[in-house]
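Trainee: Note that the protein sequences, when read in sequence, are chains H and X. For the first sequence, the working numbering begins at 1 and goes up steadily by one. For the second sequence, the working numbering begins at 1 and goes up steadily by one.
Hints in this document: simulated from the structure, not taken from any laboratory. Take the hints with a grain of salt, since some may be wrong.
Using 30 Å as the maximum straight-line C-alpha spacing, the simulated DSS-like pairs for lysine-lysine come out as follows [to be verified]:
#1 X:K41 x H:K141
#2 H:K141 x H:K130
#3 H:K15 x H:K31
#4 H:K130 x H:K175
#5 H:K15 x H:K175
#6 H:K140 x X:K17
#7 H:K100 x H:K41
#8 H:K41 x X:K45
Derived Cβ-Cβ restraints for the label pairs, each shown as a range [as the list claims (entries may be wrong)]:
#9 H:N69 x X:S209: 54 to 60 Å
#10 X:T192 x H:N139: 15 to 21 Å
#11 H:N139 x X:V48: 32 to 38 Å
#12 H:E61 x X:A203: 23 to 29 Å
#13 H:E61 x X:R147: 53 to 59 Å
#14 H:E64 x X:T61: 39 to 45 Å
#15 H:A47 x X:Y218: 17 to 23 Å
#16 X:F165 x H:R81: 28 to 34 Å
Model, not experiment: these values are computed from the prediction. Cβ atoms here follow ideal geometry from the backbone N, Cα and C, with glycine treated the same way.
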Amino acid sequence: MARPLTVAVASNALKPVSEIARLFEQESGLKIRIVHGSTGKLYTQIAQGAPFDIFLAADRERPELLASNGFARGEPFTYARGSLALWTARTDLNLTGRAKAALSGDEVLRVAIANPDTAPYGRAAVEALKALGILTDINKKLVYGENVAQAFAFAATGNADVAIIALSVLGGKEKKRGGELYIIDRALYGPVVQDGLIIKDSLDEASSFVSFLQGETARTVFESYGYLLE
Amino acid sequence: MDGSLYIDWVPILISAKLAFVTTIALIILATPVAYILAFRKFRGKALVEAVFALPIVLPPTVLGFFVLISIGSFSPVGQWYRDIFGSTLAFSFVGIVIASILYSFPFAVQPIQNAFSAMDPKLIDAARTLGCSRWQTFCRVIVPASRVGIVTGAMLSFAHTVGEFGVVLMVGGSIPGSTKVASIAIYENVETLNYAQAATMSAVMLAFSFMILSAVYYYNRTNNQLAIR
């Protein structure tokens, strides 16, 4: 029995990619199976021969590394660019125009970010804090989620006052999830470029999904989830 | 991806410290619970036993999420802690100790409870008739006769806490030098493709776990033989 086209996607892009996959299924009549996890875990699984057809990572390094080690069919491609946001469940904490002072002051005890060693959005968050000039001041306040979703959970459960997350975790600018959302100035960090890869020995249909993923319909979906269009 | 065999000992030491503190706390907390479960009869005992066994069944991430919600700033406990100490309970060493106590509780209670239940009730009756108070009976008769169970409970709690991952991942926030334990450091090394570092730390953990388990079995064997002789 033929296996369905299997897409391994980094957790932060799960929602838009699922939606795009549904649209692609309707259009093509093909079936798509999605597995998700952290980029590092999916990378290790692919390097160990996991039966995936397409890898959609949260960074550029891992697809590049797979390609240079002969796990790819063709070159890596960029499918999304992510952006950062500040989120807080504390409605008493007004950050408009004074995020810098509030983060380094006494009213904020804990700031949750994704682990900068493992998660690209964590790295971008550190970059933004550094550019603001408050990284050393608030270093002791930082707590690390395994990924942006966990950093968000820390803030949503009230264990951290503020979380720096990917806008896509919330599912777009309009979804505030009962808290307050502040977009972080894009000049403060390099864009989080997310690359993908067709894995060698993949099904022939893989390339048609990849074209769809880079087409106009998919772009609209990505944009609605808070990814940047460039 | 450097291939050096340098070992980062800090997370390993945190794991050891966490396990040590948790074990001491568990023996103090689990012994009275085991005593009540072994010697008292009361309505709803099966339900109480089931509650104390829950951490064995619950996935660690589920338990960790419950803990995270219960000690968060929106809960009375979290609010109280924050007002008194001016810091959050989550992401602190105390926070992961509390989570570990909950997580390893059944591993301490059950061996102690079994040892208490397996005691010859005649010994307790004899001590009582000879004028020992309940406390004296407990210290001089029940504890010495149940030492194998208590030591087993302590060693299992220690080993179980060292092997903990999901709960600390949820509650700890992976702060280097404070809540980043060995299992999480290994996980992060795999995630960042530092396989050599991950393998070395794993080998240390493996050797350590093997030593603990060997000690438990060796201790149980020698003491059972003594009991038979």
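Trainee: Now tell me if each hint is right for this structure.
Mentor: Taking the hints in turn, this is what the structure says about them:
no., hint, result
1, X:K41 x H:K141, "49 Å, violated"
2, H:K141 x H:K130, "14 Å, holds"
3, H:K15 x H:K31, "17 Å, holds"
4, H:K130 x H:K175, "27 Å, holds"
5, H:K15 x H:K175, "14 Å, holds"
6, H:K140 x X:K17, "21 Å, holds"
7, H:K100 x H:K41, "34 Å, violated"
8, H:K41 x X:K45, "44 Å, violated"
9, H:N69 x X:S209: 54 to 60 Å, "33 Å, violated"
10, X:T192 x H:N139: 15 to 21 Å, "20 Å, holds"
11, H:N139 x X:V48: 32 to 38 Å, "45 Å, violated"
12, H:E61 x X:A203: 23 to 29 Å, "27 Å, holds"
13, H:E61 x X:R147: 53 to 59 Å, "55 Å, holds"
14, H:E64 x X:T61: 39 to 45 Å, "31 Å, violated"
15, H:A47 x X:Y218: 17 to 23 Å, "41 Å, violated"
16, X:F165 x H:R81: 28 to 34 Å, "33 Å, holds"
When each numbered hint is compared with the structure, violations occur for hints 1, 7, 8, 9, 11, 14 and 15.
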